[in-house]
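Going by full-length UniProt numbering, the first residue of the sequence shown is number 1, and it counts up by one from there.
The hints are simulated quantities; they were obtained by calculation from the structure and are not laboratory data. Heads up, some of the hints might be wrong.
To be verified - Pairwise CB distance ranges (calculated): (1) R71 x G159: 31 to 37 Å; (2) T181 x G159: 54 to 60 Å; (3) G241 x I271: 35 to 41 Å; (4) E44 x I271: 35 to 41 Å; (5) V251 x L77: 56 to 62 Å; (6) P156 x L254: 43 to 49 Å; (7) V125 x P156: 47 to 53 Å; (8) L77 x A262: 29 to 35 Å; (9) A262 x G87: 44 to 50 Å; (10) G249 x N62: 51 to 57 Å; (11) P214 x E259: 37 to 43 Å; (12) L38 x G61: 52 to 58 Å; (13) G241 x T151: 29 to 35 Å.
Claimed, not checked - Below 25 Å or equal to it, Euclidean Cα-Cα: the simulated DMTMM-like pairs (lysine to aspartate or glutamate) are: (14) K53 x E76; (15) K135 x D20; (16) K53 x E209; (17) K135 x E160; (18) K53 x E137; (19) K53 x E232; (20) K135 x E209; (21) K53 x D117; (22) K135 x E44; (23) K135 x D114; (24) K53 x E15.
The C-beta atom is built at its ideal place from N, Cα and C for all residues, glycine as well.
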Amino acid sequence: MVVTTTDTAVQVSVELTPADGVVIEGNSLGVTIRIRALRPASIEHAELTLIRKVNYTYGRGNIYGGVFPARERSTELISSVTVPAPGAIPAGQTRVLSGSLSIPSDGPASVRGDLIDVGWSVRCVLRAAGGQIIKRERLIDVQSWGQTSATDIGHPPVGEHLGQVALEFIALSSRVLEPGTPLTGILRVRPREEVTTRGVRVQLVRCEEVWGGPGQLADPDASESEGYRHSEAVTAAVTLGPAGQLTPGNVIDLPFTVETPAGLPAPSLSIGNLHVRWEIRAIVDLPLRLDPRLSLDLLAVTASRQPSEPGQRGDLDTD
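Model the full structure from these sequences, guided by the hints.
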């Protein structure tokens, strides 16, 4: 999709390569600017800028000892390139400018979460004769292989309230979570005593953590818990069994398939005070008792294509 807008003297179109603006970190994004003169015009300067906007929610204390959510927003100009300006353009004629921008490989890539939001865009700035400034901006989607959290797949499972029922993931298809690729496996349930359940389920969970805001990490007097915020979202779930009785000594293997969304809102991320974890979580629902649960970290990637594959989405335009 092309963004086309008109100023007094020129009509400007901005095209991206890949056309949908989806690019994997560490790769390059091509930008083409088409300038059509509606009347005689002169473009003296042309520049492309890669922009990253990071917004997140953290906890901030007040003088009364309370803690409330605060929002931090920052805009970074990652890189800029100047492309040769066309100079004078006769009325009715078109000039085409091209350039490319390199996407850094060290993140953070695009994130659309509850606490953390990272957005990317490309800004095109043209300066016409007489000082007129013409700006166009396109949103892009930077995908990631999640390498800042590569160690997550080495974390052992974490269990809670397993005194009555032991849980174990076996035959898990992968600990790498890929867009649109189902996660399959077997949940092994070992009752230690007779219990009545309201069902067993497996969930795919996105966990966001923010460890403080601006200046808090460097403040020796700041409480670590003051700035900390945590959010969880269940993105997929499957019920493995109905309500029933679990008997000690009766080991139950429950196969499962969890459908992974085609477009993950965030990769696994661990940069500074911002963290996004993905986990598969098994829960045995017990009435009037704490639910036994087992969580296992996954490595989530948002990169869904190789750089050579053609784009298929075109909904990232902004003017």
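Against the structure, the hints:
no. : hint                    : verdict
1   : R71 x G159: 31 to 37 Å  : 35 Å, holds
2   : T181 x G159: 54 to 60 Å : 26 Å, violated
3   : G241 x I271: 35 to 41 Å : 39 Å, holds
4   : E44 x I271: 35 to 41 Å  : 39 Å, holds
5   : V251 x L77: 56 to 62 Å  : 58 Å, holds
6   : P156 x L254: 43 to 49 Å : 21 Å, violated
7   : V125 x P156: 47 to 53 Å : 51 Å, holds
8   : L77 x A262: 29 to 35 Å  : 32 Å, holds
9   : A262 x G87: 44 to 50 Å  : 46 Å, holds
10  : G249 x N62: 51 to 57 Å  : 56 Å, holds
11  : P214 x E259: 37 to 43 Å : 39 Å, holds
12  : L38 x G61: 52 to 58 Å   : 56 Å, holds
13  : G241 x T151: 29 to 35 Å : 33 Å, holds
14  : K53 x E76               : 6 Å, holds
15  : K135 x D20              : 20 Å, holds
16  : K53 x E209              : 18 Å, holds
17  : K135 x E160             : 54 Å, violated
18  : K53 x E137              : 13 Å, holds
19  : K53 x E232              : 22 Å, holds
20  : K135 x E209             : 36 Å, violated
21  : K53 x D117              : 8 Å, holds
22  : K135 x E44              : 14 Å, holds
23  : K135 x D114             : 30 Å, violated
24  : K53 x E15               : 21 Å, holds
When the structure is compared with the earlier hints, violations turn up for hints 2, 6, 17, 20, 23 and for no others.
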